[in-house]
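Student: Here are the chains, one letter per residue:
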Amino acid sequence: MTTTWVSRSEEESELAAREIARLLPADAVVHLIGDLGVGKTFLARAIATELGADERDVSSPSFAIVHEYPTRSGETIFHIDGYRLSNNRREWLEIGIPEILGGPGLKLIEWPKEEFQTFESSHLEVEIRLLDDGTREIEMR
Amino acid sequence: MYILGIETSCDETSVALLRADGEVRCNLISSQIARHQPFGGVVPEIASREHLVHLFPLLEEALRQSGASWNEVETIAVTAGPGLIGALLVGVSAAQGLSYALGIPLVAVNHLEGHLFSPFLSASGAAIPLPPRFLSIVISGGHSSIYDVVTADGRLEIEMLNRTRDDAIGETFDKVAKFVGLPYPGGPQVERLARAGKADRKRFPFPVPQFKESSVDFSFSGLKAGAIRWARQYRVGEDQAALADFCATFQDALFEQLFSRLDTIWQQIRRSAPPRPREIALAGGVAANGVLRERMQAWGRQHDVMVRLPEKRFCTDNAAMIAFAGLQRRREAGDPRLVKAYSRMLVGGPRILGETSAPLVRPS
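These protein sequence lines are chains A and B, in that order. Mapped onto the working numbering, the consecutive letters of the first sequence carry residue numbers 22 to 162. Mapped onto the working numbering, the consecutive letters of the second sequence carry residue numbers 1120 to 1483.
So that you can see chain A by itself, here it is in the shape it has in the complex (with noise of 0.2 Å):
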């Protein structure tokens, strides 16, 4: 099933990221896809903080590679960014990416290796595309 959002300001793309977050299913690995600059930590953070993570725990994880948010039901929502991972999984096993990506707990993934998978049981993909008229769509898949 696929659900798309056209969003022409921030206001919108938060309220898609809300509709999303409610449509998640319980411990979700969630893929966010879309280029450089195109706002998926933003997304993340309207997800995270919508299902009561601090919003200002949020940023990006480019650096750190995992960030974990404590939510106010006692739950917790990883973060994670692929973008300076290698593609040596020796190196995602001293991390901890199976782990998390197999345990509790939402995962929200930027820049996704897609062997990623094989840690996962499924998971949901949301794209962002940047139109050359400024508008975004997001596709929920």
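Do not rely on the hints blindly, as some may be mistaken.
Calculated pairs, SDA-like style, for lysine to any residue (alpha carbon to alpha carbon, straight line, at most 20 Å) [claimed, not checked]:
| id | chain 1 | residue 1 | chain 2 | residue 2 |
| --- | --- | --- | --- | --- |
| 1 | B | Lys1297 | A | Leu57 |
| 2 | B | Lys1331 | A | Glu31 |
| 3 | B | Lys1431 | B | Gly1409 |
| 4 | B | Lys1297 | A | Asn108 |
| 5 | B | Lys1331 | A | Glu33 |
| 6 | B | Lys1297 | B | Val1269 |
| 7 | B | Lys1459 | A | Glu32 |
| 8 | B | Lys1297 | B | Lys1331 |
| 9 | A | Lys134 | A | Arg111 |
| 10 | B | Lys1331 | A | Ser107 |
| 11 | B | Lys1331 | A | Arg29 |
| 12 | B | Lys1297 | A | Glu115 |
| 13 | B | Lys1431 | B | Asp1358 |
| 14 | B | Lys1331 | A | Glu32 |
| 15 | A | Lys134 | A | Leu152 |
| 16 | B | Lys1317 | B | Val1327 |
| 17 | B | Lys1331 | A | Asp75 |
| 18 | B | Lys1331 | A | Ser34 |
| 19 | B | Lys1459 | B | Arg1449 |
| 20 | B | Lys1331 | A | Ser30 |
| 21 | B | Lys1297 | A | Trp132 |
| 22 | B | Lys1331 | A | Glu35 |
| 23 | B | Lys1297 | B | Arg1354 |
| 24 | B | Lys1297 | A | Asp78 |
| 25 | B | Lys1297 | B | Gly1356 |
| 26 | B | Lys1431 | B | Ser1243 |
| 27 | B | Lys1297 | A | Tyr104 |
| 28 | B | Lys1331 | A | Leu36 |
| 29 | B | Lys1321 | B | Asp1336 |
| 30 | B | Lys1431 | B | Ser1150 |
| 31 | B | Lys1431 | B | Gly1244 |
| 32 | B | Lys1321 | B | Lys1297 |
| 33 | B | Lys1331 | A | Leu145 |
| 34 | B | Lys1297 | A | Ser107 |
| 35 | B | Lys1331 | A | Glu71 |
A few chain B residues that face chain A, going by a derived Cβ cut-off under 8 Å, partial list only [as the list claims (entries may be wrong)]:
| id | residue |
| --- | --- |
| 36 | Ser1185 |
| 37 | Ala1187 |
| 38 | Ser1188 |
| 39 | Glu1278 |
| 40 | Leu1280 |
Keep in mind the hints are simulated off the structure, nothing from the lab. A virtual CB, placed ideally from N, CA and C, is assigned to each residue, including glycine.
Given the coordinates of chain A, work out where chain B should sit on it, guided by the hints.
Tutor: Leaving out everything else, chain B in the frame of chain A:
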């Protein structure tokens, strides 16, 4: 007697020996930047393995260069976080082993506290005494924050006044530099090109972000997206002159946001309870930027504030700053078994606050 500092949170393996007065006797850094360049960024797996290879030879070399022996080492300070967990664990485990074997206390240091005190390390001789209160701007590849530090009356209180809501300033430099085809690390490359170019905000308009609730937080992702848009539209990667102007404008916009937030914070802090800060420190990898250093000095003259700039060798990650932060927190030094590694670790207060242990160190 010495304090030994160990730093392995990211790219660099570093070991330092400091005297109790903060004099840096030895600060050795084994940089991995050359190894990381082909990937356009830090590669954690390589980082951990390399730390393991370099750490003990560096320790031996540090003692040799300082003419010191192990029994002259009084305390060990190690970076406990934040950083890449596998990399941090190499330094923390080594420090625990040494502390236990030598029977000397270990102090867990927050990497960011290392940076925020680093401008007070001297080129030679004892460290500059910490003022009763100062602001410290820590800007690097992973962090962008301004801190209010109070040391009056033997206190050590650090309050984070803002943070970035998305990308760190150094990360923005690196990502945009990579997009226009410049090698890693991107900051020095952008600075070099910017010196040959002219800031042109008409051609590349980068607005300073404003938040609804007048927050002083940083946000660099809009600037990053804008820079990428302009770079694509004007194909700046293909034309050296256009690239130089682009870099000058982009860098100018990054620093404009920094100073805009600093101005607001300065206005607020001047109205707060005494002591009034009379010094401002600039730290982190981005503090090595020459244009920023000049602008910071000018800002200090304008506001009648003493500006403390770190030696360039103390801007990037290094163990001297970790040992120095360990000296500030030496009262907390103790049992090595209580020290853990944390991928996320907030600065502030007498204890480690807001820590979230990464999966590998979660107690089972």
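Student: All hints are to be evaluated individually against the structure, with a verdict given for each.
Tutor: How the hints compare with the structure:
1. Using a Cα cut-off of 20 Å, the hinted pair Lys1297(B) and Leu57(A) holds, with the two alpha carbons roughly 11 Å apart.
2. For the given pair, Lys1331(B) sits about 12 Å from Glu31(A) by alpha-carbon distance, which is consistent with the 20 Å threshold.
3. For the suggested pair Lys1431(B) and Gly1409(B), the alpha carbons sit about 10 Å apart, so the restraint of at most 20 Å is met.
4. Taken as a hint, the Lys1297(B) and Asn108(A) pair is honoured in the structure, with Cα atoms around 19 Å apart against an allowance of 20 Å.
5. Distance hint between Lys1331(B) and Glu33(A) is fulfilled; the C-alpha atoms sit about 16 Å from each other, no more than 20 Å.
6. For the hint linking Lys1297(B) to Val1269(B), the alpha-carbon distance of about 39 Å lies beyond 20 Å, and the restraint is violated.
7. Only pairs whose Cα atoms come within 20 Å are accepted, and Lys1459(B) paired with Glu32(A) is rejected, the gap being roughly 41 Å.
8. Using a Cα cut-off of 20 Å, the hinted pair Lys1297(B) and Lys1331(B) is violated, with the two alpha carbons roughly 32 Å apart.
9. Taken as a hint, the Lys134(A) and Arg111(A) pair is honoured in the structure, with Cα atoms around 14 Å apart against an allowance of 20 Å.
10. In summary, the hint linking Lys1331(B) to Ser107(A) is not supported, as the alpha carbons are separated by about 39 Å, beyond the 20 Å threshold.
11. In summary, the hint linking Lys1331(B) to Arg29(A) is supported, as the alpha carbons are separated by about 18 Å, within the 20 Å threshold.
12. With a C-alpha separation of about 26 Å, the suggested pairing of Lys1297(B) with Glu115(A) is violated against the 20 Å cut-off.
13. Straight-line distance between C-alpha atoms of Lys1431(B) and Asp1358(B) comes to about 31 Å, which puts the hinted pair past the 20 Å bound.
14. Under the criterion of a C-alpha separation no larger than 20 Å, the hint pairing Lys1331(B) with Glu32(A) is consistent with the structure, at around 12 Å.
15. A distance of roughly 25 Å separates the Cα atoms of Lys134(A) and Leu152(A); the hinted pair therefore is violated under the 20 Å criterion.
16. Annotation: proposed proximity of Lys1317(B) to Val1327(B) holds, straight-line Cα distance about 19 Å (limit 20 Å).
17. The suggested pairing of Lys1331(B) with Asp75(A) holds, with an alpha-carbon distance near 17 Å, which does not exceed 20 Å.
18. Under the criterion of a C-alpha separation no larger than 20 Å, the hint pairing Lys1331(B) with Ser34(A) is consistent with the structure, at around 16 Å.
19. For the proposed pair Lys1459(B) and Arg1449(B), the alpha carbon gap of about 17 Å is at most 20 Å, so the pair holds.
20. Note on Lys1331(B) and Ser30(A): the hinted pairing holds, with a Cα-Cα distance of about 15 Å set against a maximum of 20 Å.
21. Between Lys1297(B) and Trp132(A) the alpha-carbon distance is near 16 Å, which keeps this suggested pair within the 20 Å criterion.
22. Our distance criterion of 20 Å between C-alpha atoms is met by Lys1331(B) and Glu35(A), whose separation comes to about 15 Å.
23. In summary, the hint linking Lys1297(B) to Arg1354(B) is supported, as the alpha carbons are separated by about 14 Å, within the 20 Å threshold.
24. Taking the CA atoms of Lys1297(B) and Asp78(A), the gap is near 27 Å; set against the 20 Å cutoff, the hint is violated.
25. In summary, the hint linking Lys1297(B) to Gly1356(B) is supported, as the alpha carbons are separated by about 10 Å, within the 20 Å threshold.
26. Simply put, Lys1431(B) and Ser1243(B) have alpha-carbon atoms about 14 Å apart, close enough for the 20 Å limit, and the pair holds.
27. With a C-alpha separation of about 12 Å, the suggested pairing of Lys1297(B) with Tyr104(A) holds against the 20 Å cut-off.
28. Restraint check for Lys1331(B) and Leu36(A): the C-alpha separation of about 17 Å stays at or below 20 Å, so the hint holds.
29. A threshold of 20 Å between alpha carbons decides the hint, and for Lys1321(B) with Asp1336(B) the separation of about 26 Å lies outside it, so the pair is violated.
30. Only pairs whose Cα atoms come within 20 Å are accepted, and Lys1431(B) paired with Ser1150(B) is accepted, the gap being roughly 15 Å.
31. For the proposed pair Lys1431(B) and Gly1244(B), the alpha carbon gap of about 17 Å is at most 20 Å, so the pair holds.
32. For the given pair, Lys1321(B) sits about 24 Å from Lys1297(B) by alpha-carbon distance, which is inconsistent with the 20 Å threshold.
33. Distance restraint check for Lys1331(B) and Leu145(A): the Cα-Cα separation of roughly 32 Å exceeds the 20 Å cut-off, and the hinted pair is therefore not satisfied.
34. Among the hinted pairs, Lys1297(B) with Ser107(A) is consistent with the structure: their alpha-carbon atoms are about 16 Å apart, no more than 20 Å.
35. Between Lys1331(B) and Glu71(A) the CA atoms are separated by roughly 19 Å; this keeps the pair inside 20 Å, and the hint holds.
36. Checking Ser1185(B) against chain A by beta carbon gives a least distance of about 32 Å; that is not within 8 Å, so the hint is violated.
37. Because the beta carbon of Ala1187(B) sits about 33 Å from the nearest beta carbon in chain A, more than 8 Å, this interface hint is broken.
38. For Ser1188(B), the suggested interface contact is broken, since its CB lies about 34 Å from the closest CB of chain A, more than 8 Å.
39. Taken as an interface hint, Glu1278(B) does not check out: its beta carbon lies about 14 Å from the nearest beta carbon of chain A, beyond 8 Å.
40. The restraint placing Leu1280(B) at the interface with chain A is violated, with a minimum CB-CB distance near 12 Å, outside the 8 Å limit.
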